[in-house]
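Enquirer: Fit chain A with the ligands to the supplied structure of chain R, relying on the hints for placement.
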Amino acid sequence: MLTILNTSLIGITAGSIYSLMALALVLVWRSTRVVNFAQAGQAILSTYIGYEVISRTNNYWLALPVALVAGAVIGALVDALLIRSLTKRSANGPLASIAPIIATLGLLGVIRSVVGMIWGGDLRQYKAPVSNIGFTFGHTTIPFSRYNLLIVITTIVVMIVFTVIFQKTSLGLALRAAAFQPETARLAGVKVDRIRTVGWAFAGATGAVAGVLITPQSGLSPNSLDSLLIYGFVAAVIGGLESLIGAAVGGLVLGVGLAFIREYVNSNLEFPSTFVVLLLVLLIKPGGIIAARRGRSA
Amino acid sequence: MSALIVSDLTVDHGAIRAVDGLSFTVQQGELAAVIGSNGAGKTTLLRALTGLKSTKAGSATWKGNSILGQKPENLVRQGILHVADGKSVIPELTVEENLNLGGIWRRDKKDVALAKSEVIDLFPRLGERLSQSADTLSGGERQMLAIGRALISRPELLLLDEPSLGLAPLVIEQIFHAINSMRQRLGLTVVLVEQNAMSALKIADAGIIINLGKLVAAGKSADLVNDPALRAAYLGY
Ligand SMILES: Nc1ncnc2c1ncn2[C@@H]1O[C@H](COP(=O)(O)OP(=O)(O)OP(=O)(O)O)[C@@H](O)[C@H]1O
Ligand SMILES: [Mg+2]
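Chains as they are written, first to last, in this note's numbering: chain R, 1187 to 1484; chain A, 532 to 768.
A portion of the hints provided could be inaccurate.
Sample of chain R residues at the chain A side, in silico, Cβ under 8 Å [said to hold, decoys possible]:
| hint | residue |
| --- | --- |
| 1 | Ala1360 |
| 2 | Arg1362 |
| 3 | Gln1367 |
| 4 | Thr1370 |
| 5 | Leu1373 |
| 6 | Gly1375 |
With a straight-line Cα cutoff of 25 Å, these simulated DSS-like cross-link-like pairs (lysine-lysine) come out [said to hold, decoys possible]:
| hint | chain 1 | residue 1 | chain 2 | residue 2 |
| --- | --- | --- | --- | --- |
| 7 | R | Lys1377 | R | Lys1274 |
| 8 | R | Lys1354 | A | Lys641 |
| 9 | A | Lys641 | R | Lys1274 |
Calculated from the structure, these hints are not laboratory results. Treat the numbers as computed from the prediction; the structure is a model and nothing was measured. For every residue, glycine included, the Cβ atom is placed at its ideal position computed from N, Cα and C.
Bound conformation, chain R alone:
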């Protein structure tokens, strides 16, 4: 019984981070129809910036917002300088739909090399701002610490903030309209190009938060977020790639599912299982668990 509880708690923490990465991918997919593999690179760069703040000031609470803003700026720049002109130029060619995706893969490589040149390949560390040791009840210590609680709460806050922005504000309405029907949105006066850049900025900020949150547990190196990219991508697909709720549900399902496989089946199977889950979802519910149509409006 306790093992089931413990395994679930481990899964929920991991799943929260997957949800954030999934959300970052969904935000870009919705606004531009691009699967942004560079997201791992953008997040790692933002996390290194956060790391610099922590090494200088020893203040995690300053590093988090700085990394978040850096992530937003990097995301906006990637869209404005690269993706926008690429989608315009290749609008009709045979590579039309795939060129931007290949470009994001290329960009991932570029950012990783640049990060490697600046900070080197060694694993860096910074400490969590609150205890990373599990809560103790009597004689039992559960694998869920104050820091895990912080991760889960931050994820919930991010999800709520985006839900409110998307559902209750004019900016959110413009983001949704531009995502669903860019031409109709333009004819209604929405500056779709700019709105898309806002979507990329939101995604970049979210990826940065994921990077800063996971690093005290995983360490930081130029490719320390690569597996998170894959987990986030699978979580986004499970959730239908279109909706915020889908990203949250997909992340949790994947996080908890993988924790159980590691605990009860074989810990070596965790990574391959990710892809089994991906294939099963694609085969059984190609639209993702949250069907696209309903997901889009959420």
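Expert: Chain A with the ligands in isolation, oriented as in the chain R frame:
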């Protein structure tokens, strides 16, 4: 005074010349019907005028300013609103969100609210369905919603692409009646693209008949309707 002046407009789709040296004018406050059969180039004309399609040659001005080459979202800010064909609403949004979209770029939020209530007065059926998904609307209601959204932007020039498409005759009559009453009340200039020549010319001041991208005839709608040759060849009644 001619408010909209189109001269020698030429638009290609690849090798196909969809609009071929087209010239016409529309007076301020006038309702002009652009009539032509399938493939005449009507949609292409509107898309070229509102920046959705690049043009080959020619010019177009609204109140003396060139409009060609401008982006649709910027033309909206100059009062030029294009309601595209196919009842262009966003089905994933609610009726109210679709309406709100029309006022999203405007700073005068008080007037946006006023415009919204005017639209609901004009199309009460929208008012009863504000929180419904636009997906659930009938064809006629969708058309009302698309026009209503444009009205919330306080247009001066309204370009409507086949609002009657796929609607029952009674509904067409309602929509056309609404178009006519609002443009008289608001002093709008309207370009109404239609295949449904009879209904359109009934409410129009002027008619512009095009075929294969070329101008066939232009003039007062009463004169066009009374021309037996035009009636037989292009107006279909
Ligand atoms: N995107 C496109 N690519 C290639 N050719 C096109 C395209 N859009 C329109 N055309 C062609 O341009 C011509 C004019 O088309 P257009 O859609 O403007 O006609 P229309 O008068 O609006 O017709 P309808 O009444 O059927 O809507 C047609 O020959 C059409 O096949
Ligand atoms: Mg047409």
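Enquirer: Hint by hint, note whether the structure agrees.
Expert: Checked hints:
no.: 1; hint: Ala1360; result: holds (6 Å)
no.: 2; hint: Arg1362; result: holds (7 Å)
no.: 3; hint: Gln1367; result: holds (5 Å)
no.: 4; hint: Thr1370; result: holds (5 Å)
no.: 5; hint: Leu1373; result: holds (5 Å)
no.: 6; hint: Gly1375; result: holds (4 Å)
no.: 7; hint: Lys1377/R - Lys1274/R; result: holds (15 Å)
no.: 8; hint: Lys1354/R - Lys641/A; result: holds (18 Å)
no.: 9; hint: Lys641/A - Lys1274/R; result: violated (37 Å)
In this structure, only the earlier hint numbered 9 is contradicted, and the remaining ones agree with it.
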